[in-house]
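Listed below, chain by chain, are the residues.
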Amino acid sequence: MEPIERHTIAVLVDNEAGVLARVTGLFSGRGYNIESLTVAEVDAESAISRITVVTSGTPMIIEQIKAQLDRLVPVHHISDLTDGGASVERELALVKVRGSGNKRVEALRVADIFRARAIDSTKNSFVFEISGSTAKLNAFINLMGPLGLVEISRTGAVAIARGAKGI
Amino acid sequence: MANRKLSGSDIVIQCLVDAGVDTVFGYPGGAVLPIYDALFKQNRLKHVLVRQEGGAVHMAEGYARSTGKLGVVLVTSGPGATNAVTGLTDALMDSIPVLCLTGQVPTHLIGNDAFQEADTTGITRPCTKHNYLVKDVCSLAKVMNEAMYVAQAGRPGPVVIDLPKDVLINETSYDRAKKPYAIHKTYRPRKKGDQSQIKEAVELIANAKRPLFYCGGGVINSGPRGSKLLAEFVHMTGYPITLTLMGLGAFPAKDEKFLGMVGMHGTYEANMAMHDCDVMINIGARFDDRVTGLISEFSPGSKKIHVDIDPSSINKNVAVDIPIIGDCASVLYDMIKEWGGLQPCRDAKACAAWWSKIEKWRKRDCLRYNSSKELIKPQYALERLQILTENRDTYITTEVGQHQMWAAQFLKFNRPNHWMTSGGLGTMGYGFPAAIGVQIAHPKATVIDVAGEASFLMNIQEMSTAMQYRLPVKVFILNNEYMGMVRQWQELLYGGRYSESYTDSLPDFVKLAESYGAVGLRATKPSEVDDVIEEMLNNERFTVADIAIDKSENCFPMIPSGAPHNEMLLGPEDEAEKPVSEEGMVLV
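So the protein lines, in turn, are chains E and H.
All residue numbers for the first sequence refer to our numbering, where the first residue is 1 and numbers rise by one.
All residue numbers for the second sequence refer to our numbering, where the first residue is 168 and numbers rise by one.
Hints are computed from structural coordinates only; laboratory data are not their basis.
Careful, some of the hints might be misleading.
[Claimed, not checked] Listed next, the in silico EDC-like pairs over lysine to aspartate or glutamate satisfying Cα-Cα at most 16 Å (straight line):
| # | chain 1 | residue 1 | chain 2 | residue 2 |
| --- | --- | --- | --- | --- |
| 1 | H | Lys352 | E | Asp14 |
| 2 | E | Lys66 | H | Asp477 |
| 3 | H | Lys352 | E | Asp70 |
| 4 | H | Lys352 | E | Glu45 |
| 5 | H | Lys540 | H | Asp697 |
| 6 | H | Lys611 | H | Glu707 |
| 7 | H | Lys309 | H | Asp185 |
| 8 | H | Lys579 | H | Asp422 |
| 9 | H | Lys504 | H | Glu367 |
| 10 | H | Lys352 | E | Glu16 |
| 11 | H | Lys302 | E | Glu16 |
| 12 | E | Lys136 | E | Glu89 |
| 13 | E | Lys96 | E | Asp120 |
| 14 | H | Lys376 | H | Asp445 |
Using the sequences and the accompanying hints, generate a full structural model.
Structure follows, in structure tokens:
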């Protein structure tokens, strides 16, 4: 068996009705994995959206995923950020923690270590904003567990290649 | 005719006419009444009224595959669109350019569960190459032209345009496009192959010791030029060639270089050559599971070249050594140029040894069957059909099952676009409407649907269509009163427990034909076969020939599922010796 690889793929698409369904339908219809998927318009004038999808599979499957994505009619460009040299990848999470006393203090201290910001605060709760690699977010969320973790909202990864060259 | 105000319906018709479309297969309904009214008022576009929308798509497929042109379908919203889904999936799997216009409830009702509303773009998204919902009449002409381009460009496929009723009624100015279609902003399939890859491929081809061409429907889709160039290249090299089910006709069957069809029911020599070759030259085929058999043992010793216009076909099932993305005709042209003055079979000694090995396989005569004086063997019926149609311009369609495989084995296709069968999806009920579509495109030709009785029943309502348009299509039923291929598998894999594969309560096909005013014929003995075929061919009317064949006949040779190419069953005597593996039982 070939090894399973994790790839982050950026897809530039026309921002038109149904385009996200085409992409997600492709993954579910052909049995590919989606670990995370984020999408937003990046060029309002030309109505182009960027989808960042984190997926996993054997090298043959990863090649298939890219080829299948590329043949969707509204797809402009595919970029495999895992294969294409160095890239930076970030994810953002909002984490709600409830507690009082020592736990509340400890939550703030951990947040400080992780450079998470408290963006909402009540007498017995915080909402932290944290960004970083998926692994860093996981670590932060794990630590918040015993400190009164209530709710998590995560964006999934976004990524961009390092260096001066654009996609 | 610049800047006339036209309704959406008129724009639909105008765009089709401007693109050279002459025929539409369709069925009216509430949401498309505006288009049908516009159709009524014009005479440039011929409308063929089908009896069920599923038939319309298969007719368009038959029309498209026999002409190389776009097939066009017009159906209403809701059930009209959902009935078209099977045909759309069929066209997607077999890469057939079809434009399907579906009616939709007016835009302000979309999402309200209105009468005959269905989420057509949602339902058809995975079974089309692309689809559109037009919400504004101003974008209609652009979408129409883009859709016709997308359906035909690159690897062809079906495209749906969903047309809400208000869009069809609203008016806008229409300016006839001066050029057929401007360059698409994102979809621009690559036609020309990479020169260095082609050079490398030709080098490999030239130095092969046990070469084999393995070609498919991609050659046919690249136009008649593709088939011409293929024949030229095969003769330049002097190498053997096999074709897939979809590729039959891309290379002349009568040519001695042709080893017959490859795959599950392909010939022994073709499959053995696939297994033993050292250089496989795949042009326009996609390593389908019916061709490869057990993938882990597929052609273990060969270097593989794969020419395909669709990059997603490359390395999908089988990892190849030299991929070439491009149109088959264009790549063949470049290969021929690259080959230049090279002699056929550069390594003449190795080639001669390879050919003598192939001749040995050929001598096994894998298509032989036990003939009978009492029972009509299906193979015999098809051999006679082949001989008696040889001097005609004959187009063959088929349904799906044993008869389809027998037709692929026993009928000889020497030209492209004369063989229409449902390969990828395996749609029973395809052949009869497809034959109607072919006959519409070629009114003077002999069009025969080689059918099984079970498949024919699946779209039998189209008998009415064939009659209405006075189409002299011929339905040649190899009637064994079984879903034969299902029964064959039950015999081989399920201990002969024929669960629900017997077709009870069949109609009397002769009387049925007569009730429509068509000709009904029947043969029950081998001695009657020729007369029935002659009578079928010599009348100018829609004819159903019911050929009562040997009910127990199975289709051989066969690669049992889960087996490699070199473990074919050549006949019933092989069945007991090689039980199918558990792994194979899971496969279809």
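Hints, one by one, checked against the model:
Under the criterion of a C-alpha separation no larger than 16 Å, the hint pairing Lys352 of chain H with Asp14 of chain E is consistent with the structure, at around 10 Å. Taking the CA atoms of Lys66 of chain E and Asp477 of chain H, the gap is about 12 Å. The hint holds against a cut of 16 Å. At most 16 Å may separate the alpha-carbon atoms for a hinted pair to count; Lys352 of chain H and Asp70 of chain E meet this at roughly 13 Å. Between Lys352 of chain H and Glu45 of chain E, the direct Cα distance comes to roughly 15 Å. Compliance with the 16 Å bound is thereby established for this hinted pair.
Simply put, Lys540 of chain H and Asp697 of chain H have alpha-carbon atoms about 14 Å apart, close enough for the 16 Å limit, and the pair holds. For the given pair, Lys611 of chain H sits about 10 Å from Glu707 of chain H by alpha-carbon distance, which is consistent with the 16 Å threshold. Distance restraint check for Lys309 of chain H and Asp185 of chain H: the Cα-Cα separation of roughly 13 Å lies within the 16 Å cut-off, and the hinted pair is therefore satisfied. Note on Lys579 of chain H and Asp422 of chain H: the hinted pairing holds, with a Cα-Cα distance of about 10 Å set against a maximum of 16 Å.
Distance restraint check for Lys504 of chain H and Glu367 of chain H: the Cα-Cα separation of roughly 13 Å lies within the 16 Å cut-off, and the hinted pair is therefore satisfied. At roughly 14 Å between alpha-carbon atoms, Lys352 of chain H and Glu16 of chain E fall within 16 Å of each other, so this suggested pair holds. At most 16 Å may separate the alpha-carbon atoms for a hinted pair to count; Lys302 of chain H and Glu16 of chain E meet this at roughly 12 Å. As the CA atoms of Lys136 of chain E and Glu89 of chain E are separated by approximately 11 Å, the hinted pair is consistent with the 16 Å bound.
Only pairs whose Cα atoms come within 16 Å are accepted, and Lys96 of chain E paired with Asp120 of chain E is accepted, the gap being roughly 9 Å. Distance hint between Lys376 of chain H and Asp445 of chain H is fulfilled; the C-alpha atoms sit about 7 Å from each other, no more than 16 Å.
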